[in-house]
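Each chain, written out:
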Amino acid sequence: MTKWVRYTLPAAAIVSIASPAYSMQYLSIGEAQKQAFPSASNFAEVQVGRVWKAEAGGRTVGFFIFDRVVGKHLLIDYAVALTPGGAVHSVEILQYRESYGGEIRSASWLAQFVGKTSGSALKINSDVRNIAGATLSSTHVTEGVKRVLSAYGNRLR
Amino acid sequence: METDCDSIRRARPLLGTFVEIQASGARRADLNAAIDAAFDAIAKVHRLMSFHEPDSDVSRLNQFASSDPVAVDPWTYEVLRTAMDLHSRSQGAFDITVAPVLQGLGLLPGPAGRWDANRVRASDKVELLADHRVSFSRHGIRIDLGGIAKGFAVDRALDALRGFGIASGLVNAGGDLAAFGPDPQTVSVRNPVDPQSFMCGISIKNEALASSARRFDPFHSGGTTSSAIIDPFTHKPSCSVDGTTVRAPSCVIADALTKVVMIAGTTAADLLEYYQAGALLVLQDGDIQISSDLKDAVSLAA
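Keeping their order, the protein sequence lines are chains D and C. To convert, note that position 85 of the first sequence is 85 in the working numbering; the numbers rise steadily by one, no gaps. To convert, note that position 222 of the second sequence is 222 in the working numbering; the numbers rise steadily by one, no gaps.
Honestly, the hints are just simulated from the structure, not real lab data. Quick caveat, the model's predicted, so the values are computed rather than measured. Glycine included, each C-beta is placed from N, C-alpha and C at the ideal position. There's no promise every hint is true.
[Claimed, not checked] The calculated SDA-like cross-link candidates involving lysine to any residue, where the alpha carbons are at most 25 Å apart (straight line), are:
1. Lys3/D to Gln276/C
2. Lys34/D to Pro184/C
3. Lys44/C to Lys3/D
4. Lys34/D to Asp40/C
5. Lys53/D to Lys3/D
6. Lys146/D to His52/C
7. Lys34/D to Arg147/D
8. Lys146/D to Ser59/C
9. Lys146/D to Asp40/C
10. Lys72/D to Gly201/C
11. Lys125/C to Ser67/C
12. Lys44/C to Ala87/D
13. Lys3/D to Arg60/C
14. Lys44/C to Leu149/D
15. Lys146/D to Asp36/C
16. Lys205/C to Gly163/C
17. Lys3/D to Asn206/C
18. Lys205/C to Pro184/C
19. Lys72/D to Lys3/D
20. Lys44/C to Val145/D
21. Lys44/C to Lys53/D
[Stated by the list, open to error] With the C-beta cut set under 8 Å, the calculated list includes, among others, these residues of chain D facing chain C:
22. Thr2
23. Trp4
24. Val5
25. Tyr7
26. Val88
27. His89
28. Ser138
29. Val141
30. Glu143
31. Tyr152
32. Asn154
[Said to hold, decoys possible] Derived DEER-like restraints, expressed as beta-carbon distance ranges:
33. Phe64/C to Gly86/D: 30 to 36 Å
34. His139/C to Ala44/D: 54 to 60 Å
35. Ala44/D to Ala37/C: 27 to 33 Å
36. Asp6/C to Pro84/D: 30 to 36 Å
37. Arg50/D to Ala29/C: 23 to 29 Å
38. Arg47/C to Ser41/D: 31 to 37 Å
39. Met1/D to Lys44/C: 17 to 23 Å
40. Ala71/C to Thr142/D: 28 to 34 Å
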């Protein structure tokens, strides 16, 4: 028979394990490129730090586009792999950053992460957690992918 | 990430959230192939069971099943069978036919006009026929598998990882997760009242963990507002429990049971026991109740 045990928690105890900011590095750009186009022997940079053409034996096998969107508070790095015809082949999250404990959601707070290749202001993977609970919406990434498609889907050939 | 590391963690936007998959204990190429297959399984569940995709099994059922039987994928059929089993065992608390109420409240797209009571609490009007065909025996029924499909997707992804013979794996679909492997995994559970902080850690081993909270929309409000979980008896958002986390042998059961516990609270004890599940509830007064079988796996923040 299932019995229930009741706990009364002081509110302060709950807050105490919050860490200031957290970042999860999943794949580097190079790893994600290889993952998206395993057959490619070369990735030609079409637009610096943003667009690459995946080539295999002189043939274009697709395009790889790096982009960032603001997630809950902080930036999410992601990559869209396009087929040679300009359709979405895959979307992969490269780095996810999250703030805990109510940092200021100001432009200056966000600015510290812009242009940093590895988000050096953050603790990266130092505390790799499996997080359960409230579901985070991926809407902003989905919108980002749509933007990438409309910007590059028909232009890259 | 070093090239010789034998553990890979990747994430993709799927099921409206971020799905994170970790695989360990094999060559990198094999781990990546396993993770690709696991993401494919989740994408397939998304395609079949989304309320929003016009070509999904769910959309086709909602459009046609009141008139004619609709053939669905075996996975959709399995989810429907599990959902109906849960419906009868929970005395109707788990109900996939509350979609019209969610539409009325603006939580799902569709007509926001009045729904009539005949269209909801109608899980018994969903008929599972031979050859994976399904029909609705009443007009106007609309189903939503949002309360169960994510857990099912996690289970299918874990199956895909297992199929590659890797040592251990973990799939986390935005907070609903399951793991397999020789070592226990500690999961940090967000506080449903203050989602930016953690409430406790729960240790799982070859098990699943799912959570539900009163509605949390990180892009519009840091605070919790009303719930997206509808009490099928009152047709109103449930409000007796602030949040719950359920541990079960499979994620499909853990996911679905969180909805029952949000509505039924501690009276869901018998149902939890039937499904070999345990639960942690955050009550409205801030107290926490944990089922006795889960107690030893929980490390509270205090």
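Next pair to validate is Lys34/D with Asp40/C; report whether the Cα-Cα distance is within 25 Å. With Cα atoms ~18 Å apart, Lys34/D and Asp40/C stay inside 25 Å; holds.
Does Trp4/D meet its interface restraint, that is, does its C-beta lie within less than 8 Å of any C-beta in chain C? holds (5 Å)
Confirm or reject the claim that His139/C and Ala44/D have a C-beta distance inside 54 to 60 Å.
Given range 54 to 60 Å: holds, Cβ gap about 58 Å.
Check your understanding: Between Lys72/D and Gly201/C, is the straight-line Cα distance small enough, at 25 Å or below?
Key -> holds (23 Å)
Query raised in the report: For the pair Asp6/C and Pro84/D, does the Cβ-Cβ distance stay inside 30 to 36 Å?
Result: holds (34 Å)
ask   = Taken at face value, is the distance from the CA of Ser59/C to the CA of Lys146/D at most 25 Å?
value = holds (23 Å)
Lys34/D and Pro184/C: Cα distance at most 25 Å? Violated. Lys34/D to Pro184/C sits at ~32 Å, over the 25 Å cutoff.
Is the straight-line distance between the alpha-carbon of Lys146/D and that of His52/C 25 Å or less? With Cα atoms ~17 Å apart, Lys146/D and His52/C stay inside 25 Å; holds.
* To do: For the hint on His89/D, just tell me whether its beta-carbon gets within less than 8 Å of chain C.
  => With a minimum Cβ separation of about 12 Å from chain C (threshold 8 Å), the hint on His89/D is violated.
Would the hint on Val88/D be counted as holding, given a Cβ-Cβ threshold of 8 Å to chain C? Hint on Val88/D: violated, closest Cβ of chain C at ~11 Å, above 8 Å.
Holds or violated: are the alpha carbons of Lys44/C and Ala87/D at most 25 Å from each other?
holds (18 Å)
Report task. Can you let me know if the beta-carbon spacing of Phe64/C and Gly86/D is within 30 to 36 Å? Result -> holds (33 Å)
In summary, the numbered hints that this structure violates are 2, 3, 5, 13, 19, 21, 26, 27, 30, 31, 32, 39.
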